[in-house]
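Protein chains: 2
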Amino acid sequence: MERIKPRTLSGFAELLPEQQLQFQAVMATLEQVYRQYGFYPLDTPVLEYAEVLLAKGGGETEKQIYRFSKGDTDLAMRFDLTVPLAKYVALYYPQLHFPFRRYQIGKVYRGERAQRGRFREFYQADIDIIGDGALDILNEAEIPSIIYRTFQTLGLNRFKIRINNRKLLSGFFQLLGAAGQAGDMMRIIDKLDKIGLSAVQKELGELGLAPAAIHELCAFISCKGETAVILQALQRYRGKNELFDTGLQELTTVAEAIAAFGVPEENFGIDLTIARGLDYYTGTVYETTLLDHPEIGSICSGGRYDNLAGYYTDRQLPGVGISIGLTRLFYILNEKNYIDSSSVPSNVDVLLLPMEGAMHEAISLSTQMRDAGLRVQIHYEKKKFKAKMAYADRLQIPYVAILGEDEIAAQAVGLKNMATGEQQTLPYLQAIAYLQKAVKAATGKKIISDPIS
Amino acid sequence: MERIKPRTLSGFAELLPEQQLQFQAVMATLEQVYRQYGFYPLDTPVLEYAEVLLAKGGGETEKQIYRFSKGDTDLAMRFDLTVPLAKYVALYYPQLHFPFRRYQIGKVYRGERAQRGRFREFYQADIDIIGDGALDILNEAEIPSIIYRTFQTLGLNRFKIRINNRKLLSGFFQLLGAAGQAGDMMRIIDKLDKIGLSAVQKELGELGLAPAAIHELCAFISCKGETAVILQALQRYRGKNELFDTGLQELTTVAEAIAAFGVPEENFGIDLTIARGLDYYTGTVYETTLLDHPEIGSICSGGRYDNLAGYYTDRQLPGVGISIGLTRLFYILNEKNYIDSSSVPSNVDVLLLPMEGAMHEAISLSTQMRDAGLRVQIHYEKKKFKAKMAYADRLQIPYVAILGEDEIAAQAVGLKNMATGEQQTLPYLQAIAYLQKAVKAATGKKIISDPIS
Chain G
1482 MERIKPRTLS GFAELLPEQQ LQFQAVMATL EQVYRQYGFY PLDTPVLEYA EVLLAKGGGE
1542 TEKQIYRFSK GDTDLAMRFD LTVPLAKYVA LYYPQLHFPF RRYQIGKVYR GERAQRGRFR
1602 EFYQADIDII GDGALDILNE AEIPSIIYRT FQTLGLNRFK IRINNRKLLS GFFQLLGAAG
1662 QAGDMMRIID KLDKIGLSAV QKELGELGLA PAAIHELCAF ISCKGETAVI LQALQRYRGK
1722 NELFDTGLQE LTTVAEAIAA FGVPEENFGI DLTIARGLDY YTGTVYETTL LDHPEIGSIC
1782 SGGRYDNLAG YYTDRQLPGV GISIGLTRLF YILNEKNYID SSSVPSNVDV LLLPMEGAMH
1842 EAISLSTQMR DAGLRVQIHY EKKKFKAKMA YADRLQIPYV AILGEDEIAA QAVGLKNMAT
1902 GEQQTLPYLQ AIAYLQKAVK AATGKKIISD PIS
Chain F
1482 MERIKPRTLS GFAELLPEQQ LQFQAVMATL EQVYRQYGFY PLDTPVLEYA EVLLAKGGGE
1542 TEKQIYRFSK GDTDLAMRFD LTVPLAKYVA LYYPQLHFPF RRYQIGKVYR GERAQRGRFR
1602 EFYQADIDII GDGALDILNE AEIPSIIYRT FQTLGLNRFK IRINNRKLLS GFFQLLGAAG
1662 QAGDMMRIID KLDKIGLSAV QKELGELGLA PAAIHELCAF ISCKGETAVI LQALQRYRGK
1722 NELFDTGLQE LTTVAEAIAA FGVPEENFGI DLTIARGLDY YTGTVYETTL LDHPEIGSIC
1782 SGGRYDNLAG YYTDRQLPGV GISIGLTRLF YILNEKNYID SSSVPSNVDV LLLPMEGAMH
1842 EAISLSTQMR DAGLRVQIHY EKKKFKAKMA YADRLQIPYV AILGEDEIAA QAVGLKNMAT
1902 GEQQTLPYLQ AIAYLQKAVK AATGKKIISD PIS
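Line by line, the protein sequences give chains G and F. Number 1537 in our numbering belongs to position 56 of the first sequence; there are no gaps in the numbering. Number 1811 in our numbering belongs to position 330 of the second sequence; there are no gaps in the numbering.
Wrong hints could be hidden among the right ones.
Put simply, identical chains are the same to the list, so a pair is met inside one copy or across any two.
Derived lysine-lysine pairs resembling PhoX-like cross-links, with alpha carbons at most 25 Å apart [unchecked claim]: (1) LYS1551 - LYS1537; (2) LYS1921 - LYS1705; (3) LYS1544 - LYS1486; (4) LYS1537 - LYS1486; (5) LYS1865 - LYS1544; (6) LYS1551 - LYS1864; (7) LYS1486 - LYS1551; (8) LYS1867 - LYS1705; (9) LYS1817 - LYS1927; (10) LYS1486 - LYS1683; (11) LYS1926 - LYS1817; (12) LYS1705 - LYS1675; (13) LYS1865 - LYS1721; (14) LYS1705 - LYS1721; (15) LYS1864 - LYS1675.
Derived by calculation from the structure, the hints in this document are not laboratory data.
Generate coordinates for the entire structure from the input sequences, incorporating the hints supplied.
What follows is the structure in structure tokens.
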């Protein structure tokens, strides 16, 4: 037979079983936390009408999209989960109840140039809260508290959620008399961390900004420190521009509520350089960085927008949301040794090894064990005992249960702890209780440990 | 702004939030059961090299496939989960441990003619056990016991897993001296349920089969009844054909082990008409039907195969597996009123309604509640009290917690049971304990109830 070389497309993640278990555990944690805040699961198609997905038009994104025809239908694979959400809310508006909270963890597709740590098929994990006509500012404060609980629950501690407010920024640019250049200015100040203050000054100069305005803007973005300090420093601009004042009020409300949510100061701060693109966000914006790896950039970003679905409907649907690039985050966490491989319980709690003539008894015992909630695999194959033990070892199965004639006569099973080598013979019911206890002790560990830097 | 009409491709399922919750609950049950038998989760890309996916070549399937080029790469969307499994096992063979057990619940794509209850994007839920060179027959008995536990756990009782053995069938055709027409004969007898015995006889005649052979074959497939009865009846063909004898031995072993697994006779039986295509399966084959809706056909099918990945590798990788067409099954269960909508707990356990001035206290209470594992939503919006209660009602949230000045003074919360209308004021910690108990009582219900027919 002519053989085809088995291979996977470059940029398309495919994990080995043990890694996949870890990835599933991360996804399960995200789901669990999102659901604690009342978000509904959503699952939209991977394929949509190209016209619908590209309603917004799309420059860079459009070039990367997987788009093709089947019959006379022009199709595209989704490149994010926001556009499908907009379509969904516009389409099912009469059947939805607002505020509508949804999470979606799903694959998206971007035909980017393949490179290390960049993916063409990757999971995004999004949450959004959509209002009908209006959406209270406090939703903007809840979002960072969800990010906080998510990462805490995963086991990540050394991260910082940084927020800013787009009205504050835009109002400030108006104050400088440079509202027309807001886009360019945001793009430049966004780079502060990467290129430093003097390079930012230079670029602002090239933009044709007056030296006084540059000076004022640099003073503004250099305003750093604790939340209370920044909010205090911003007072001096107050009363000069309405949009700025609204932004400052929003930022203050959000910062106070975030504290009420119990997010500690070390995991949260105002950062006046955060802008997050131009045309979409209208209020609070978020970025999240790993304290020990700022070079990675934001691992969880989003913000408030006033009009989710303007391309599909004339209803005003304001919202706020964040997105985690999950495949990339998982790749980074692995590469930087954040994943605690001992934290994810083995896929099997106990491997049953029936000796000659004990098969039907083993089958019946396995059913009893599963009824008790245990995850059980019977080794059916004709292999040497040693090979079966090696299999348990390689799969990191914590217990092996041996069942032979003697054990059956005693209605007991030989239970071997694979980590310690200890072995004991326990009656069926006691063995089950013992294993249940062991399983319980092994679960609930956090997946991530901040590595010692 | 010019608006695009929001719409979803025909044949692409998209559920409303309440239905999506049900679908998630079904998927979670499948995962839980599969993991109880030691299956690892697997997640392969939706897109693959067309050459890899179509290695087997493929008639009908090839016409339905979503295939396109990007740059100079010929791509295809997966049309099942078996071919990606074959690729995966061939590609990662050195890093896998055999027997390798994996489940995959994922979307697949087939551009079929769109019609009611048929989908172009749909979930399949597959489990397979792959051996390296050999795989014990008992794995073939375990598979139906997994199907049984899966449906039982979902709450489905009135179903029957029907099994047959391909060696038995092929051996019998050899006995009839009609081995060359095995394919056509299988295709015809597969239709017995639909077209009846006399139509089967007619079609077999048109095939040119001798009347004596037709008579013998019809006697064979008419052999129905309890497992022991059928196995007894099959004894009379024994000793005449080696392949038949092997098949009969396998069928007997599998049937006995299935009983040892605790699958009751009413949910399981031998059906000699089941053939399941020609070129792939080599041992036990399975189909599963709803007793009250046989017209739907099989809802869970599969079988034993001797060579999973022959198109990619010269290693012999025998296996056994089954697949559930999950999107279609969910559609049918809904249509036939099998889904018990009261079984899936509300997405939110408690809706917190803070009165004027109580917002920060409500936020702090919500954090306490989530720390206790509750799913909590705060209603932040500026709406009338009545509108907020109506929101809780429409989302079927079982409890509303009201927090105002008086409650805060007493460090208590007004808890309203939305089903009974009962209201009581409880101190924070007591309210949390009360809600935890209520949540526990509402969970663990089975999703499916067999409708009264």
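Next on the checklist: If you test the structure against every hint from before, which numbers come out violated?
Outcome noted: 2, 5, 6, 8, 10, 13, 15
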